[in-house]
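**Student:** For the sequence shown, UniProt numbering begins at 1 and goes up steadily by one.
Check each hint, because a few of them may be wrong.
To be verified - Quick list of simulated restraints, FRET-style, between CB atoms: (1) G90 - I327: 28 to 38 angstroms; (2) H260 - S205: 27 to 37 angstroms; (3) M84 - S9: 11 to 21 angstroms; (4) I217 - I327: 18 to 28 angstroms; (5) S9 - E227: 38 to 48 angstroms; (6) N330 - R107: 24 to 34 angstroms; (7) K296 - S18: 19 to 29 angstroms; (8) Q80 - S142: 27 to 37 angstroms; (9) L134 - S16: 16 to 26 angstroms; (10) G313 - H260: 52 to 62 angstroms; (11) T308 - T71: 42 to 52 angstroms; (12) A111 - Q336: 51 to 61 angstroms; (13) K296 - G48: 44 to 54 angstroms; (14) H116 - L211: 25 to 35 angstroms.
What the hints assert, rightly or not - Pairs of lysine to any residue residues, derived as SDA-like cross-links and limited to a Cα-Cα distance of at most 25 angstroms, are as follows: (15) K296 - D214; (16) K296 - I178; (17) K296 - V328; (18) K296 - G263; (19) K296 - E50; (20) K296 - R139; (21) K296 - H138; (22) K296 - F283; (23) K296 - A33; (24) K296 - F280; (25) K296 - N268; (26) K296 - A335; (27) K296 - A79; (28) K296 - S318; (29) K296 - G96.
These are calculated hints, taken from the structure and not from any lab test.
Owing to the predicted nature of the structure, the values given are computational and were not obtained by experimental measurement.
Glycine included, every Cβ here is placed at the ideal spot set by N, Cα and C.
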Amino acid sequence: MTGNRIRLSDVAERASVSPATVSRVLNGKNTVASSTRLSVLAALEELGYEAPPFLRERKDGSIGLILPELTNPIFPLFAQQLQMAMSVHGFTTLLGAYAASDPLEERYVDAMVDQHVAGIIFVSALHADRDADLDHYHRLISHNIPFVTINGRNPQLNAPDISTDDASAVNQALRYVISQGHRNIGLATGQLRFLPAHEKSQAFSAAMHSLLPDSPIYEANTLFTVEGGYAAAEQLVSQGCSAIICASDVMALGVIRYCHAHGLDVPNDVSVIGYDDSPFVAFTNPPLTTLRQPVKEMAEAAVSTLITRINNGSGSISSVRFAPELIVRNSTGPAQ
1 MTGNRIRLSD VAERASVSPA TVSRVLNGKN TVASSTRLSV LAALEELGYE
51 APPFLRERKD GSIGLILPEL TNPIFPLFAQ QLQMAMSVHG FTTLLGAYAA
101 SDPLEERYVD AMVDQHVAGI IFVSALHADR DADLDHYHRL ISHNIPFVTI
151 NGRNPQLNAP DISTDDASAV NQALRYVISQ GHRNIGLATG QLRFLPAHEK
201 SQAFSAAMHS LLPDSPIYEA NTLFTVEGGY AAAEQLVSQG CSAIICASDV
251 MALGVIRYCH AHGLDVPNDV SVIGYDDSPF VAFTNPPLTT LRQPVKEMAE
301 AAVSTLITRI NNGSGSISSV RFAPELIVRN STGPAQ
């Protein structure tokens, strides 16, 4: 039907909306929800109509970037490296960051779609939450808007993911503290509905059974925050743990804060390992032993993967895992 006059009633019936809504979409009105606009565009395509040029265009110079927050220093680092990688390829960044107490991810996605971004990168967003509503991700898939996730390969999403190997991280940390003579070892991580926390938990349990089959398994599931680390330390220290492996650097800082508040020396009384190698953790008191995520390499891989999908309309949907690196500083030491 290319070039034929569009019959609003046909499009409305196919998209399950009113003819007035179809008219607003075709006239470029911004009062229509992004999901509805996408449904109308899909109906136009299915019926063989050409959408008006201004609706067909994508803002090929921009990519959306969605993160859960900017208070955790690892996320600004990801944002910086992703923005740099996009810039190398000639893309600008539309950034959306939201607090855990005020989740806006779906609204950010709708706004970015309305801005005709070429694609979206999600960093530790709702894709990593096993209990989250993923409808907005599925809408992107159904309307051929490419996206890539970072740190949280979700089997419900047919999309590429770039992640740090959480199992490798836990194994490296555990083997290191065991080599330092520790036997009562705890894991401080987030709620198990989060995919990275779940993977770390499973890896910790398996490694403990393999490496220290006679030692109990101590695990605290709190929040990926300083306060969460503090609460985890309260539990794990009371259980006699002399080493605590944390799922984030900010949790590790909470563990250290708890130890200092209760007269415990780090590392002489309790050894602490973080995760991320966030900016400034080399300058904490004491400097933090941690697992370094290769953020630059992950950002470059995510952007390259997304651009391939933008240019080709398809591409690999496999998960790429990057090995973390154990960075030994002064928050760990021999068991006393």
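**Student:** For every hint, state whether the structure bears it out.
**Tutor:** Here is how each hint holds up against the structure:
Distance hint check for G90 and I327: the Cβ-Cβ separation is about 34 angstroms, which falls inside the suggested range of 28 to 38 angstroms. For H260 paired with S205, a C-beta distance near 29 angstroms keeps the hint of 27 to 37 angstroms intact. The given range of 11 to 21 angstroms is broken by M84 and S9, whose C-beta atoms sit roughly 49 angstroms from each other. Distance hint check: the CB atoms of I217 and I327 are about 25 angstroms apart, consistent with the given range 18 to 28 angstroms.
In this structure the hint that S9 and E227 lie 38 to 48 angstroms apart at CB is violated, the actual value being about 57 angstroms. Range check, N330 to R107: about 43 angstroms between beta-carbon atoms, so the 24 to 34 angstroms window is missed. Look at K296 against S18: about 49 angstroms separates their beta carbons, and that is not inside 19 to 29 angstroms. Distance hint check: the CB atoms of Q80 and S142 are about 32 angstroms apart, consistent with the given range 27 to 37 angstroms.
For L134 and S16, the Cβ-Cβ distance of about 21 angstroms falls inside the hinted range of 16 to 26 angstroms, so the restraint holds. Taking the beta carbon of each, G313 and H260 are about 55 angstroms apart, inside 52 to 62 angstroms as hinted. Remark: the range hint 42 to 52 angstroms for T308 to T71 is contradicted by a beta-carbon distance near 32 angstroms. Between A111 and Q336 the CB atoms are about 54 angstroms apart, so this pair conforms to the stated range of 51 to 61 angstroms.
A C-beta distance of roughly 46 angstroms is found between K296 and G48, which places it inside the suggested range of 44 to 54 angstroms. Distance hint for H116 and L211: a CB-CB separation of about 52 angstroms, inconsistent with the stated range 25 to 35 angstroms. This hinted pair does not check out: K296 and D214 have alpha carbons roughly 40 angstroms apart, beyond 25 angstroms. Proximity of K296 to I178 is assessed by CA-CA distance (about 30 angstroms); at most 25 angstroms being required, the pair is judged violated.
Of the pairs offered as hints, the one joining K296 and V328 holds, with about 20 angstroms between alpha carbons and a cut-off of 25 angstroms not exceeded. A hinted pair counts as satisfied when its Cα atoms are at most 25 angstroms apart, and K296 with G263 does not qualify at roughly 38 angstroms. A distance of roughly 41 angstroms separates the Cα atoms of K296 and E50; the hinted pair therefore is violated under the 25 angstroms criterion. A hinted pair counts as satisfied when its Cα atoms are at most 25 angstroms apart, and K296 with R139 does not qualify at roughly 29 angstroms.
Taking the CA atoms of K296 and H138, the gap is about 28 angstroms. The hint is violated against a cut of 25 angstroms. Of the pairs offered as hints, the one joining K296 and F283 holds, with about 21 angstroms between alpha carbons and a cut-off of 25 angstroms not exceeded. Only pairs whose Cα atoms come within 25 angstroms are accepted, and K296 paired with A33 is rejected, the gap being roughly 35 angstroms. About 17 angstroms separates the Cα atoms of K296 and F280, which keeps this hinted pair within 25 angstroms; it holds.
Taking the CA atoms of K296 and N268, the gap is near 34 angstroms; set against the 25 angstroms cutoff, the hint is violated. A hinted pair counts as satisfied when its Cα atoms are at most 25 angstroms apart, and K296 with A335 does not qualify at roughly 34 angstroms. Simply put, K296 and A79 have alpha-carbon atoms about 10 angstroms apart, close enough for the 25 angstroms limit, and the pair holds. Proposed proximity of K296 and S318 is supported: the alpha carbons are some 20 angstroms apart, at most 25 angstroms.
Proximity of K296 to G96 is assessed by CA-CA distance (about 20 angstroms); at most 25 angstroms being required, the pair is judged to hold.
This entry does not satisfy hints 3, 5, 6, 7, 11, 14, 15, 16, 18, 19, 20, 21, 23, 25 and 26, going by the numbered hints stated previously.
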